[in-house]
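Q: I would like the entire structure built from these sequences, with the hints used as guidance.
2 protein chains.
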Amino acid sequence: MTNQLDSFFSALADPTRRAVVEQLIQGPAAVSALHDGHDMALPTFLRHLKVLEDSGLVTSTKKGRVRTVEMQPKALRAGADWFEAHKSMWEGRIDRLARLADHLERTRT
Amino acid sequence: MTNQLDSFFSALADPTRRAVVEQLIQGPAAVSALHDGHDMALPTFLRHLKVLEDSGLVTSTKKGRVRTVEMQPKALRAGADWFEAHKSMWEGRIDRLARLADHLERTRT
DNA sequence: GAGTTGGTTAGTCATATAGCTAAGTATTGC
DNA sequence: GCAATACTTAGCTATATGACTAACCAACTC
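Protein chains in written order, with this note's numbering: chain A, 2 to 110; chain B, 2 to 110.
Calculated directly from the structure, the hints in this document are not laboratory data.
Hints are not guaranteed to be accurate.
Each pair may be met inside one copy or between any two copies, as identical chains are not told apart.
What the hints assert, rightly or not - As a list, the in silico DSBU-like pairs of lysine-lysine whose alpha-carbon atoms are at most 35 angstroms apart:
(1) K63 - K88
(2) K88 - K64
(3) K63 - K75
(4) K51 - K63
(5) K51 - K64
(6) K64 - K75
(7) K51 - K88
(8) K51 - K75
(9) K75 - K88
A: Encoded structure:
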C-alpha cells in the first residue's frame, strides 16, 4: 500500500517522466519515438521508463525489435484518489475556517 | 513551474511526509507533537519537515521555543490540478477505447 | 540561576538517483 | 549474410536523500 504510493509519487517527481506520461496519454508509443525530443542518452532515458514501469504507471511489450510503452489507467487513478481524499478533507477545514473568520468579523463590528 | 511540481511530488514520495500531511489536515501542530509516534530521531524528522516546507506544502512559525507547522492549501491544489488535467485527458482516451472495443465486438458477431 | 524542554546545527555514513560511455544482442531490410 | 536499426547491459561518476549521534542554543520553570 504505502510502498505503492512511494514509487508512484517519486515516479512523477521528475520532469522527464511527467513529460513521458503526458506523451503517453495521446496513446502508446515506441521507446525510440518517446526518446525523440528528450536531450539525453538512450540508456538514461530507458532508466526513466523503467522507473515508470516499476511504479505501475506504464506497461510495455516487445514485438520484434520494437518495445511499445502504454499508460496504465488504474495506477493513475490510485494517485488521483489519494489527492481527492485528502484535498476534500482539507477543503472541509478551509470552509470551517472561513466561517470562523466570518463570525469573528461580524461580532467585531 | 516544472521545479514546483518536482519538489511537490518528491515531498509526497515518502510515507513519513505523507503521514505529516495527513496529521496537519486536522489542524496546525507543534514540531514535537508531530514527531510523537514517528520512530526516528528528531533531527531526521526535522529534515522531513524542511522538505515539506521547501515544497510549499506547509509553512511554520516560531513562538517562544515552540515551532508550529501548518498546511498550505494552495500548494495542495496545484498538485491536485495537475492530476485532474491529466486524469481527464486519460479518461477521455479510455472512453474512446471502450467505444472502439464495443464497436469491434458488435461487428464481429 | 540551574535544570528541563523544544528545537537546531554540524558532521558522518550508506544507499539511491540521474547522468554518461562503450560495448553487446537481436531484428529487419537489402 | 551484411549493415543498419532498436534497444540492452555493464560499469563508471557525481550528487541527493535519509538515517544517525553529539553537541549546542534559547526559553520556560522552579
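Q: Now tell me, hint by hint, if it's right for this structure.
A: Against the structure, the hints come out as follows:
In this assembly of identical chains, K63 and K88 lie within 35 angstroms of each other by CA distance solely across copies; the values are 26 angstroms between and 39 angstroms within a copy. Proximity of K88 to K64 under the C-alpha cut-off of 35 angstroms is restricted to the inter-copy arrangement: shortest distance 28 angstroms between copies versus 42 angstroms within a copy. For the homomeric pair K63 and K75, the shortest alpha-carbon distance inside one copy (22 angstroms) is at most 35 angstroms, but the shortest distance between copies (42 angstroms) is not. Taking the shortest alpha-carbon separations for K51 and K63, only the intra-copy value of 14 angstroms comes in at or below 35 angstroms, while the best inter-copy value is 43 angstroms.
In this assembly of identical chains, the alpha carbons of K51 and K64 lie at most 35 angstroms apart only when taken from the same copy (18 angstroms versus 46 angstroms across copies). For the identical chains of this complex, K64 and K75 are intra-copy neighbours only, at 24 angstroms inside a copy versus 45 angstroms across copies, given an alpha-carbon limit of 35 angstroms. In this assembly of identical chains, K51 and K88 lie within 35 angstroms of each other by CA distance both inside one copy and across copies; the values are 30 angstroms within and 21 angstroms between. For a Cα distance limit of 35 angstroms, the shortest separation of K51 from K75 qualifies both inside one copy, at 18 angstroms, and across copies, at 32 angstroms.
For the homomeric pair K75 and K88, the shortest alpha-carbon distances inside one copy (20 angstroms) and between copies (11 angstroms) are both at most 35 angstroms.
Hint compliance for this structure: no hint is broken.
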